[in-house]
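Chemist: Each chain is listed here by its residues.
Number of protein chains: 2
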Amino acid sequence: MSAQRPLILVTNDDGVHSPGILALFRAMQQIGDAVIVAPDRERSAVSHALTLHRPLKVETVGENIFSVNGTPTDCVAIAVQKILQRRPHLVASGINKGANLGDDVTYSGTVSAAIEGTILNIPSFAISLCGDRPFHFDTAMPFAIEVARYILETSLPYDTLLNVNVPNLPKGSVKDIRITRQGKRVYDNAIQDIYSPWGDKHYWIGGGKPYWEQGEDMDMQAVLDGHVSVTPIHLDLTNYEALAMLKKSPLNRSGKQEEGAC
Amino acid sequence: MSAQRPLILVTNDDGVHSPGILALFRAMQQIGDAVIVAPDRERSAVSHALTLHRPLKVETVGENIFSVNGTPTDCVAIAVQKILQRRPHLVASGINKGANLGDDVTYSGTVSAAIEGTILNIPSFAISLCGDRPFHFDTAMPFAIEVARYILETSLPYDTLLNVNVPNLPKGSVKDIRITRQGKRVYDNAIQDIYSPWGDKHYWIGGGKPYWEQGEDMDMQAVLDGHVSVTPIHLDLTNYEALAMLKKSPLNRSGKQEEGAC
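Going line by line, the protein sequences match chains A and B.
When you line the first sequence up against the numbering used here, it's residues 6 to 267, in that order.
When you line the second sequence up against the numbering used here, it's residues 6 to 267, in that order.
Careful: at least some of the hints might be erroneous.
One copy or two, it doesn't matter: identical chains are merged, so the pair holds either way.
[Claimed, not checked] Simulated pairs of lysine-lysine, DSBU-like, Cα-Cα distance not exceeding 35 Å: (1) Lys253 - Lys87; (2) Lys253 - Lys176; (3) Lys189 - Lys252; (4) Lys206 - Lys189; (5) Lys180 - Lys214; (6) Lys253 - Lys189; (7) Lys214 - Lys87; (8) Lys62 - Lys87; (9) Lys189 - Lys87; (10) Lys62 - Lys176; (11) Lys62 - Lys206; (12) Lys206 - Lys253; (13) Lys62 - Lys253; (14) Lys87 - Lys206; (15) Lys206 - Lys252; (16) Lys189 - Lys176; (17) Lys252 - Lys62; (18) Lys62 - Lys189; (19) Lys176 - Lys214; (20) Lys214 - Lys62; (21) Lys180 - Lys252; (22) Lys180 - Lys206; (23) Lys206 - Lys176.
What the hints contain is simulated information worked out from the structure, not anything from laboratory work.
Just chain A, same shape as in the assembly:
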């Protein structure tokens, strides 16, 4: 690796063998020294926290490609402390097979890797393809490069990552980047009553049509309009307006007593 080129850690939650991570790896190789450290298999459904209850194994899968039998979060932690020769300039997570929009961001393994990078003070982004098979990873690649270049040149605000969602359309059919805010899905929460072969009543969630809060600057709307959505996601979930309000409420006896004691 040359000292001049930025070091880019590439990870995901679909696993080291996903075509999405290989596309992201090739994209990042165009602008820096890229190293993959990713889960050994699909980990979308596993916990996003660090794995503390068992040892983790790193395997060399190829040149600058490593797998870990843990979560995306484990991969970022072990990569930074144990695998990479120097501190990475960027964490790139994806390209995920499926959208990470709106409230789903909280539950996304792809985004959680970017969260871990951000916690370690490394500028990070997550990138996902919005749609179903077949996935057009080549459509997302130039946008991954553009976002990575921007971050490497400009950095990112404290505690903030970029969540990138690309419409899953053939290359050339996607419009430019739109800067968006996190959308909000409003479930109609359809739940079907169904019965087992033994006549037991069960419920099956689904079949409803979730709709989204309207607004051109919403992440989902950008994707529906054929744009690439880039949302700055803040790790601090505090609602500061509500904080100020609650401090004046009867709940906050503590602060008032302390003021009185001064």
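Dock chain B against the given chain A, drawing on the hints supplied.
Modeler: Positioned in the frame of chain A, the structure of chain B alone reads:
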């Protein structure tokens, strides 16, 4: 159930048989009609999303106590649409065995139930005991009542839930509520090198001493000081300052083109 009393949905991620949820149920019964709809077993490690790939079964466990073989999020959705006779006035999630502070909030099953309530526009709070066994659920009960009363009287700002953390100390040893912001854990990310019986190198994450950003108004600091921490958590993770900045950046070619076209 009387029409006058508020209806309170009680859930958790430790499962319907956890002593923590029974303590919260008893507390909520003091101020309203309480109904438990909770996972049939401990679901801390499962996905927080809705279960869409299989039917779910509701079992009656006791009077106004139901279990679902799904996630805390499933429980809230099914309770509101299929089990409760009327729309609940409040969702109370907990009392969790262990803290939900700082960045861990994102991964918490206890908090995710309150998130689902909030998505459904029902005022919601999560409550957790910070510490290890033995758990002093009776310490947390009066604070659960105080927070629930406040929410029922005042409601909560849009898209916002309260995350309550109570020091796990004997009743009477805990100080009053402090309104806090979400803290930030800074890992030192200690990772031990260990070897299997066959000589394979492994990594075991842990053994480091995570420390927390300082600040009296941080959630963790409040708990360390013996106070009950109440943090208003916002579902919108957008960093709006960063959004404004990015809209002026070269990334946002799209918006500029649109402006040019007008």
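Chemist: Give a verdict on every hint.
Modeler: Status of the hints after comparison with the structure:
Within a single copy, lysine 253 and lysine 87 get their C-alpha atoms no closer than 47 Å, and across copies no closer than 38 Å, so neither meets the 35 Å cut-off. For the homomeric pair lysine 253 and lysine 176, the shortest alpha-carbon distance between copies (26 Å) is at most 35 Å, but the shortest distance inside one copy (54 Å) is not. In this homomeric assembly, lysine 189 and lysine 252 come within 35 Å of each other (Cα to Cα) both inside a single copy, at 27 Å, and across copies, at 20 Å. With identical chains, the CA atoms of lysine 206 and lysine 189 are at most 35 Å apart within one copy only, with a shortest distance of 32 Å there and 45 Å across copies.
Within a single copy, lysine 180 and lysine 214 get their C-alpha atoms as close as 26 Å, which meets the 35 Å cut-off; across copies the closest is 47 Å, which misses it. For a Cα distance limit of 35 Å, the shortest separation of lysine 253 from lysine 189 qualifies both inside one copy, at 29 Å, and across copies, at 24 Å. Proximity of lysine 214 and lysine 87 under a CA criterion of 35 Å is satisfied inter-copy only: 18 Å between copies versus 46 Å inside one chain copy. For the identical chains of this complex, lysine 62 and lysine 87 are intra-copy neighbours only, at 12 Å inside a copy versus 45 Å across copies, given an alpha-carbon limit of 35 Å.
In this assembly of identical chains, the alpha carbons of lysine 189 and lysine 87 lie at most 35 Å apart only when taken from different copies (23 Å versus 38 Å within one copy). Proximity of lysine 62 to lysine 176 under the C-alpha cut-off of 35 Å is found in neither arrangement, the shortest distances being 37 Å within a copy and 44 Å between copies. For the homomeric pair lysine 62 and lysine 206, the shortest alpha-carbon distance between copies (7 Å) is at most 35 Å, but the shortest distance inside one copy (44 Å) is not. Taking CA atoms no more than 35 Å apart as the test, lysine 206 paired with lysine 253 passes in neither setting, with 48 Å inside one copy and 55 Å between copies.
Proximity of lysine 62 to lysine 253 under the C-alpha cut-off of 35 Å is found in neither arrangement, the shortest distances being 51 Å within a copy and 44 Å between copies. Taking the shortest alpha-carbon separations for lysine 87 and lysine 206, only the inter-copy value of 12 Å comes in at or below 35 Å, while the best intra-copy value is 52 Å. With identical chains, the CA atoms of lysine 206 and lysine 252 are never at most 35 Å apart, being 47 Å at best within one copy and 51 Å at best between copies. For a Cα distance limit of 35 Å, the shortest separation of lysine 189 from lysine 176 inside one copy, 28 Å, qualifies, whereas the shortest one across copies, 40 Å, does not.
In this assembly of identical chains, lysine 252 and lysine 62 lie within 35 Å of each other by CA distance neither inside one copy nor across copies; the values are 47 Å within and 42 Å between. In this assembly of identical chains, the alpha carbons of lysine 62 and lysine 189 lie at most 35 Å apart only when taken from different copies (28 Å versus 38 Å within one copy). Taking the closest pair of Cα atoms, lysine 176 and lysine 214 come within 35 Å of each other only inside a single copy of the chain (28 Å); across copies the shortest separation is 48 Å, beyond that limit. For the homomeric pair lysine 214 and lysine 62, the shortest alpha-carbon distance between copies (23 Å) is at most 35 Å, but the shortest distance inside one copy (42 Å) is not.
Taking CA atoms no more than 35 Å apart as the test, lysine 180 paired with lysine 252 passes between copies only; the shortest distance there is 16 Å, against 45 Å inside one copy. For a Cα distance limit of 35 Å, the shortest separation of lysine 180 from lysine 206 qualifies neither inside one copy, at 47 Å, nor across copies, at 47 Å. In the homo-oligomer, the alpha carbons of lysine 206 and lysine 176 never lie at most 35 Å apart, since the shortest distance is 47 Å inside one protomer and 43 Å across protomers.
Against the hints set out earlier in the document, violations occur for numbers 1, 10, 12, 13, 15, 17, 22 and 23.
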